[in-house]
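Peer 1: Sequence:
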Amino acid sequence: MPSAIAKSAKPAKPAKASEPRSRDADRSQLAILLAARDEFAQHGLGGARVDRIAERADVNKRLIYYYFTSKDELFLAVLEQAYADIREAETKLHLRDMPPAQAIQRLTQFTWEYYIAHPEFLTLLNSENLHQGRHLAMSGRVRDMNSPLIQTLAEILERGRSEGLFRGGIDPIQLYVSIAGMAYFYLSNNHTLSAIFGRDLMTPKAHHERLSHMCDVILGYVLRN
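Once you know that position 166 of the sequence shown is 284 in the numbering used here, the rest is easy, because the numbers rise by one and skip nothing.
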């Protein structure tokens, strides 16, 4: 019996030995994704170079192609991670635990502040839109990530309606597009908007005014008269 126990314990050793290699692989992939994110955000998909990504990540170029078969596949992985990051941050807001109006205002505020803190997210979206969203169209993962957010919004809207606070018939997707769109357009076009209106739209005061305006517009839309 003792010898049988000893024999049964032996196969566990290779698994333990593989753990450091697995962690190294995870670190390498993360380094590649972060480097690729910066490269794509700075140069777009067309202008990005795998050589520079390898240099940024401090890895061999062949390792990038080991994990990602093409630059397009790497770009999609970066987009998926970018969406995963914002969706994860949204779940930490615990919107379901808030009163309906407060939840809508908090999501509006969060979206604005997240876009300001992560300009690379906007430039990645700009690049993907130039390619007509063809990478994201192939990603079931991104669609799956967005579904819980829309479901949460739908529940908040229904709760607000049942409490007599919100008007009915609001499409949660349209609402989120409006929230994201008001922030995205302003920040993505701040240079041209500042030039044509002769006003610096990126000062702290201008940011505060924009967020206040966004909250007024969104709450004015969802609240009953």
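These are calculated hints, taken from the structure and not from any lab test.
All C-beta atoms, glycine included, are put in the ideal place defined by N, C-alpha and C.
One or more of the hints may lead you astray.
[Said to hold, decoys possible] Have a look at the derived ranges for each label pair, beta carbon to beta carbon:
1) Arg174 x Asn308: 22 to 28 Å
2) Asn247 x Gly282: 15 to 21 Å
3) Glu276 x Asp142: 43 to 49 Å
4) Arg180 x Arg285: 54 to 60 Å
5) Ile314 x Pro266: 24 to 30 Å
6) Arg174 x Arg317: 32 to 38 Å
7) Glu281 x Arg174: 35 to 41 Å
Peer 1: Each hint needs a verdict: does it hold in this structure or not?
Peer 2: Comparing the hints with the structure gives:
The beta-carbon spacing between Arg174 and Asn308, approximately 27 Å, falls within the hinted interval of 22 to 28 Å. At roughly 39 Å, the beta carbons of Asn247 and Gly282 sit outside the given window of 15 to 21 Å. Evaluation of the 43 to 49 Å hint for Glu276 and Asp142 yields a pass: the beta carbon distance comes to about 47 Å. Roughly 58 Å separates the CB atoms of Arg180 and Arg285, a value that falls within the hinted 54 to 60 Å.
For Ile314 and Pro266, the Cβ-Cβ distance of about 39 Å falls outside the hinted range of 24 to 30 Å, so the restraint is violated. At about 36 Å, the CB distance of Arg174 to Arg317 agrees with the hint of 32 to 38 Å. Taken as a hint, the range 35 to 41 Å is violated for the pair Glu281 and Arg174, whose Cβ atoms sit roughly 51 Å apart.
The earlier numbered hints that this structure contradicts are 2, 5, 7.
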